[in-house]
Amino acid sequence: MNVSGSISNNTFRNGTNNYDIIRTIAALATFPSLIIGCIANIFVFRIITYDRDFYKPTYYLVRISIISDTVVTLLGCVAVLVGDTVKINYALGSCFCRLFLYTILSSYSVSIFTLCIISIDRYFITLKPFSRFYLRYKRKFLTSLVLCAVLMSVTINIPVIFYVDVYPDDPGLCDFVSIDSFARAFLMTAIITMYIVPTIILLFTYGSIYWHQYNHVRPGNISERSQKDEQMKRKKFTKALITITASYLSITWPFFAIGVAIIITGKSLRDIKNENATYYILSFLSFSTTLFISVLNPFLYLKFDCNIKRKAWLYIQKYFLYKNTSKLRIIAS
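By the count of the working numbering, the sequence shown reaches residue 353 at its end, each step adding exactly one.
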């Protein structure tokens, strides 16, 4: 009995050490991308904040999403630094686990709700441009939606503070320690509110916009060329928003799928880790990819939004390429 007990203990310790190594490697690999993502978010925020060409309701909403992504990348950097430089005990791990997961979920909620508000704004602009209600109350309507989105993001994720924790023998594993009926209810509410409902809204609004743009010819005496140019600009902008939204939904669905699996099975991440290493690694990666969307988001704007892309290139030429050229000229003279 003693021999078998010692063998099982050694096996458990070796398994735990292997998972610790995996988490450490993943953290070290994630840190550079988080730094790059943070810089990219700040760069895009700088462009759309101080340039008058972006003083439009849609870009005000984009700014909120960028702020949320910046918070996530900064917190991710702090988490990696703390995990690698500080010996984490149960008290520190528990506090950091609750704060980190609450902030991540709240920031994600703000981002996805903001994308929904943007899609609603584009829906009215494209399909109902002469709506008296929207023309008259647009600013108040969007402001109310933003306030509701922020308030919902802050409140619906409060239960996570009480349901997640770490283990005394594994203070680095942030987990739903006890999967009771209340924890399942919270997970189900979060999945419906943060993924299913936004997906339905985004599919409806952008589906309607896409169908309208490709099947509608604007009446009036506008020249054919001007009409085509205007339609092309709107299509490109809508395509950029659809691409960014599709990236959010496609990259984050594994994380919410893991949540559904936890609800159905009633098993925590630790239970999954002890039963199947592959499923645990997939669960770990699902959260990492959800975190990575905050890194990817600014590059999607730089790639697909023609306005941001053009201004970004002008900034690079003005503040980097031009200065380097000037220095070379001075040295040469």
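Don't take each hint at face value.
Stated by the list, open to error - Listed next, with one range per pair, are the computed distances between beta-carbon atoms:
1. Lys158 to Tyr230: 16 to 24 Å
2. Cys326 to Gly286: 45 to 53 Å
3. Arg159 to Tyr230: 37 to 45 Å
4. Ile336 to Lys160: 20 to 28 Å
5. Ile283 to Leu155: 41 to 49 Å
6. Leu167 to Pro188: 38 to 46 Å
7. Lys148 to Val102: 43 to 51 Å
8. Lys148 to Phe202: 18 to 26 Å
9. Lys255 to Asp291: 43 to 51 Å
10. Phe150 to Ile181: 23 to 31 Å
11. Leu155 to Leu334: 13 to 21 Å
12. Thr298 to Val197: 42 to 50 Å
13. Arg152 to Thr209: 30 to 38 Å
14. Val102 to Phe182: 34 to 42 Å
What the hints assert, rightly or not - Think about it this way: if two alpha-carbon atoms lie no more than 25 Å apart in a straight line, the pair counts; the simulated BS3-like pairs of lysine-lysine are:
15. Lys329 to Lys255
16. Lys259 to Lys158
17. Lys107 to Lys158
18. Lys255 to Lys338
Hints listed in this document are in silico derivations from the structure and should not be mistaken for laboratory results.
Because the structure is a prediction, the values reported are computed rather than measured.
In this text, a Cβ means the ideal position worked out from N, Cα and C, and glycines have one as well.
Failing hints, ascending? Per hint list: 3, 4, 8, 10, 11, 12, 14, 17 and 18 violated.
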